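Colleague: Quick mapping for you: the protein sequence lines, in order, are chains A and B. Count the first sequence with full-length UniProt numbering and you get residues 1 to 543, in order. Count the second sequence with full-length UniProt numbering and you get residues 1 to 245, in order.
No lab work stands behind these hints, which were simulated from the structure alone. Remember, predicted model here, so these are calculated numbers, not experimental data. No residue lacks a Cβ here, since even glycine has one placed at the ideal position from N, Cα and C. Careful, some of the hints might be misleading.
[Said to hold, decoys possible] Okay, derived cross-link-like pairs now, DSS-like style, lysine-lysine, Cα gap no bigger than 25 angstroms in a straight line:
hint: 1; chain 1: B; residue 1: K144; chain 2: B; residue 2: K104
hint: 2; chain 1: A; residue 1: K287; chain 2: B; residue 2: K104
hint: 3; chain 1: A; residue 1: K287; chain 2: B; residue 2: K144
hint: 4; chain 1: A; residue 1: K287; chain 2: B; residue 2: K145
[To be verified] Ranges of calculated distance between the beta carbons of each label pair, as one might list FRET restraints:
hint: 5; chain 1: B; residue 1: D118; chain 2: A; residue 2: Y435; range: 44 to 52 angstroms
hint: 6; chain 1: A; residue 1: V144; chain 2: B; residue 2: N12; range: 55 to 63 angstroms
hint: 7; chain 1: A; residue 1: M386; chain 2: B; residue 2: D118; range: 48 to 56 angstroms
hint: 8; chain 1: A; residue 1: Q132; chain 2: B; residue 2: D48; range: 46 to 54 angstroms
hint: 9; chain 1: A; residue 1: G142; chain 2: B; residue 2: Q103; range: 50 to 58 angstroms
hint: 10; chain 1: B; residue 1: D48; chain 2: A; residue 2: V444; range: 40 to 48 angstroms
hint: 11; chain 1: B; residue 1: E112; chain 2: A; residue 2: Q103; range: 48 to 56 angstroms
hint: 12; chain 1: A; residue 1: F372; chain 2: B; residue 2: P146; range: 52 to 60 angstroms
[Stated by the list, open to error] Taking beta-carbon pairs under 10 angstroms as the criterion, some of the chain B residues facing chain A (in silico):
hint: 13; residue: Q75
hint: 14; residue: Q82
hint: 15; residue: S96
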Amino acid sequence: MVKCHDSIIDVKLFFFRTVKGLLPALLGVGFFLLMGAASLAALLRYSELHSWLGYMQQPYLWRVVRFSLWQALLSSGISLLIAIPVASCLIHRQFYGRSALLQLFSVSMVVPTIVAILGLVVVYGRTGWLNQLFGVQIPLYGLVGILLAHVFFNMPLAVRLLLQGYDLIPSGQWRQASQLGFSRWAAFRWIEWHYMKKVLPGAFVLIFMLCFSSFAVVLSLGGGPKYSTLEVAIYQALRFDFDLNKASFLALLQVSICTLFAVIVYRIAPINRQDVSLLAVKSYLLKDSFWAKSADYLALLCAFVLVIPPFLAIFDPIFSPVFFKTLQSVALWNAVLVSLQIAIPAALVSLLLGVCFGVLARFCMARQYFAFLPNKIEHLGNMILMVPGLVIATGLFLTLRDFGWGLQSSYWIVVWVNAVMALPFVLRALMPVMYQQERRFRNVYLSLGIQSWSRWCLEWPLIRPSVAQALGYALLLSLGDMGVIALFGSQGLVSLPLYLFQLIGSYRLEEGACVAVVLISLCLILFYCSSRFIGGVTARVKN
Amino acid sequence: MLKINLQYDWENFHANYCVEISPGVTTLLGGSGEGKSTLLHLLGGFLDGRGELFFNEESLLSLPPYERPISTLFQSDNLFPQLTVWQNVAIGLSPSLSLSGEQKTRIQWALEKTQLVDKKDRYPQALSGGQAQRVAIARALVRKKPILLLDEPFSALDPALREEMLYLVNNVTLELGLTTLLVSHLPQEASLVGGRVILIEHGRVTAYEPVSVLSQIEPHPLFSRYLGMPSSGLPSAEGANSSTI
Numbered sequence: 001m002v003k004c005h006d007s008i009i010d011v012k013l014f015f016f017r018t019v020k021g022l023l024p025a026l027l028g029v030g031f032f033l034l035m036g037a038a039s040l041a042a043l044l045r046y047s048e049l050h051s052w053l054g055y056m057q058q059p060y061l062w063r064v065v066r067f068s069l070w071q072a073l074l075s076s077g078i079s080l081l082i083a084i085p086v087a088s089c090l091i092h093r094q095f096y097g098r099s100a101l102l103q104l105f106s107v108s109m110v111v112p113t114i115v116a117i118l119g120l121v122v123v124y125g126r127t128g129w130l131n132q133l134f135g136v137q138i139p140l141y142g143l144v145g146i147l148l149a150h151v152f153f154n155m156p157l158a159v160r161l162l163l164q165g166y167d168l169i170p171s172g173q174w175r176q177a178s179q180l181g182f183s184r185w186a187a188f189r190w191i192e193w194h195y196m197k198k199v200l201p202g203a204f205v206l207i208f209m210l211c212f213s214s215f216a217v218v219l220s221l222g223g224g225p226k227y228s229t230l231e232v233a234i235y236q237a238l239r240f241d242f243d244l245n246k247a248s249f250l251a252l253l254q255v256s257i258c259t260l261f262a263v264i265v266y267r268i269a270p271i272n273r274q275d276v277s278l279l280a281v282k283s284y285l286l287k288d289s290f291w292a293k294s295a296d297y298l299a300l301l302c303a304f305v306l307v308i309p310p311f312l313a314i315f316d317p318i319f320s321p322v323f324f325k326t327l328q329s330v331a332l333w334n335a336v337l338v339s340l341q342i343a344i345p346a347a348l349v350s351l352l353l354g355v356c357f358g359v360l361a362r363f364c365m366a367r368q369y370f371a372f373l374p375n376k377i378e379h380l381g382n383m384i385l386m387v388p389g390l391v392i393a394t395g396l397f398l399t400l401r402d403f404g405w406g407l408q409s410s411y412w413i414v415v416w417v418n419a420v421m422a423l424p425f426v427l428r429a430l431m432p433v434m435y436q437q438e439r440r441f442r443n444v445y446l447s448l449g450i451q452s453w454s455r456w457c458l459e460w461p462l463i464r465p466s467v468a469q470a471l472g473y474a475l476l477l478s479l480g481d482m483g484v485i486a487l488f489g490s491q492g493l494v495s496l497p498l499y500l501f502q503l504i505g506s507y508r509l510e511e512g513a514c515v516a517v518v519l520i521s522l523c524l525i526l527f528y529c530s531s532r533f534i535g536g537v538t539a540r541v542k543n
Numbered sequence: 001m002l003k004i005n006l007q008y009d010w011e012n013f014h015a016n017y018c019v020e021i022s023p024g025v026t027t028l029l030g031g032s033g034e035g036k037s038t039l040l041h042l043l044g045g046f047l048d049g050r051g052e053l054f055f056n057e058e059s060l061l062s063l064p065p066y067e068r069p070i071s072t073l074f075q076s077d078n079l080f081p082q083l084t085v086w087q088n089v090a091i092g093l094s095p096s097l098s099l100s101g102e103q104k105t106r107i108q109w110a111l112e113k114t115q116l117v118d119k120k121d122r123y124p125q126a127l128s129g130g131q132a133q134r135v136a137i138a139r140a141l142v143r144k145k146p147i148l149l150l151d152e153p154f155s156a157l158d159p160a161l162r163e164e165m166l167y168l169v170n171n172v173t174l175e176l177g178l179t180t181l182l183v184s185h186l187p188q189e190a191s192l193v194g195g196r197v198i199l200i201e202h203g204r205v206t207a208y209e210p211v212s213v214l215s216q217i218e219p220h221p222l223f224s225r226y227l228g229m230p231s232s233g234l235p236s237a238e239g240a241n242s243s244t245i
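Working from the sequences, and respecting the hints, build out all of it.
Modeller: This is the structure:
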């Protein structure tokens, strides 16, 4: 009896101690949930369910849905179609500039959307390079422009995802292929395709969702109501009609379509014939042929033509006199200030949230009753990818309005929503290393009684590169955000991307290019500071 | 006749193989890390070595792996998990899997020889370790390459099965007149397959002898250290060493 009593006290004590240690993390995650729930509740409170049936019958709505699906399907299809031969070529050929191209691919994913749009307009626009050099004019505003932009962003992403699939191929298979005299086509058919099939559905879903909920691209290149996506429709409902009812209806529709699509594609994904070989990947010689060479050249040419010109175009107007005039304008530097005021707090909040999620998830990791939780916690953080940022922002705005905060809350809403939107990327950078620390050293920490702060200090040198990476991502995303700010931007709250958007809208491309250059420099400087001062130089060497 | 005179350097490992191997089974013995597998990788063309490599007066060194007259069985990863047993064998004849009638007969013959006919539609995951390696042997059979390299392919099998496989290798070698090199860390395997043995130490061929040296009551001085037996009386390691040179 006494013993039993003791053990209960022990359990209570243990519980109390761990909860005390976890309290900050719990608070963080709790706050995240509370904010989410509050905005959802606010949105639902303003929606009238009976009128939703009426929306369902509007042909305009279905046209928007159809177009959203169609352009997303085309964008992801084209991106993957180009990415497959490019990835295969990058694996098999060693050529000058190969690693530079890969670097560029990783950069093109974090280039602020609006900057890339400017690049595309300079290249393909009415007075663009394409027209000047070859006299070819393409209808940029509309489906073509949207596809060009989406392929520009997502083809490199697809290549990188496919290359991850190549990592799964055991080197023994290449060795066999080499000895058996496989041609490139045979190797692709029997080996590469098999492993690509494993990553393709995931890559397709990811790119499809990114394009489906694409906002800035469609807003600037859509060119009219004919080419509108759900996300833009939500924006219009909020910004121009201030129709909360309609907005929440559209938002729900968007979330359900995304979810449905994800479920279907994961269902039909092929079975994983997993095999393990831990040999380091080394490239083996395969039979070469004229056709293999031509296919590779063609694939590379495609990649070059699509990705490189818009990059160069951004820097084209640097030498024009307008450039320096713009540099001296007050509006530009105000926008820089606003951007910094948004990005830095947003990134810090995002990082803080990420750490809270990480700490909580790994605490649950190998604990009997909580072992199912880490995945759920991560999903919770990632769920935000499915929910339009505009919707969260609106919900939050309504909640705060109930507390008597009017438009002066916009700044905080922009910061919070940016932080939350960056969370999935922060988690992706942070979680693996946090899990790894837990898995390797849990027993050491437990037996020595190292907890919370002292543990954090011990781990810091090992995790700081990942922390820097997470913060860097969050900074870049918040700096480049062109979603929430479009909704809440006002006279005093114009960030660099919004300013750039306004300039592109009024065809002041040269000034726009100047702003783009400033924005990119700002991104680079902040990213550099983050990895230099937080990542540290020595830490990277150690890892 | 396989004439080897190959050098290969990797960090602190400097290999220099020099030996002439006659047809039949030859077992490569040596401790781990002494460079047995490295030799096979050099022969297969998976590593770039310097020197000379001749097979029946033809130089192989400048040939890519797929043009060398060689089939290799590795310890693992011999089969493509995405292909059936039949396809895994057939791919040895034609990487595009388009086969003539005569080639199909040959596959059938190889599958019979390795007792795999009833397994031909299975995927490698559904096979036991021994069956999987038999598929790899069947592929080597259809390829009809005169040199067969085996890199400890049976080390994960239980003793009875291993014995069975070694008999198979031996039969095939004799029947087709192959030059077979078998890497092993078990001297018994060498005794089982017969032929000759090569001892490899520090990336060098230190002995090339008939397999009978292993079963001598008075062990061959070169092999005594590897086999862990005193060569005569109580010699020191240095004693054994000096007698090798």
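Colleague: Could you run down the list of hints and mark each one as holding or not?
Modeller: Right, here's what the structure says about each hint:
Proposed proximity of K144 (chain B) and K104 (chain B) is supported: the alpha carbons are some 14 angstroms apart, at most 25 angstroms. Simply put, K287 (chain A) and K104 (chain B) have alpha-carbon atoms about 24 angstroms apart, close enough for the 25 angstroms limit, and the pair holds. For the hint linking K287 (chain A) to K144 (chain B), the alpha-carbon distance of about 20 angstroms falls within 25 angstroms, and the restraint holds. Restraint check for K287 (chain A) and K145 (chain B): the C-alpha separation of about 18 angstroms stays at or below 25 angstroms, so the hint holds.
At about 45 angstroms, the beta-carbon gap between D118 (chain B) and Y435 (chain A) stays in the expected band of 44 to 52 angstroms. Distance hint check: the CB atoms of V144 (chain A) and N12 (chain B) are about 59 angstroms apart, consistent with the given range 55 to 63 angstroms. Remark: the range hint 48 to 56 angstroms for M386 (chain A) to D118 (chain B) is upheld by a beta-carbon distance near 50 angstroms. Checking the proposed 46 to 54 angstroms range against Q132 (chain A) and D48 (chain B) shows it holds: the Cβ atoms sit about 50 angstroms from each other.
About 55 angstroms separates the C-beta atoms of G142 (chain A) and Q103 (chain B), a value consistent with the hinted range of 50 to 58 angstroms. Between D48 (chain B) and V444 (chain A) the C-beta distance comes to about 44 angstroms, which sits within the given range of 40 to 48 angstroms. A hinted range of 48 to 56 angstroms holds for the C-beta pair E112 (chain B) and Q103 (chain A), which are about 54 angstroms apart. For F372 (chain A) and P146 (chain B), the Cβ-Cβ distance of about 58 angstroms falls inside the hinted range of 52 to 60 angstroms, so the restraint holds.
Annotation: interface hint on Q75 (chain B) holds; nearest CB of chain A at approximately 9 angstroms, less than 10 angstroms. Given the 10 angstroms rule on beta carbons, the hint for Q82 (chain B) holds: about 4 angstroms separates it from the nearest Cβ of chain A. Taking 10 angstroms as the C-beta contact cut-off toward chain A, the hint placing S96 (chain B) at the interface holds, the least distance being around 5 angstroms.
Comparing the model with each numbered hint stated earlier shows that all of them hold.
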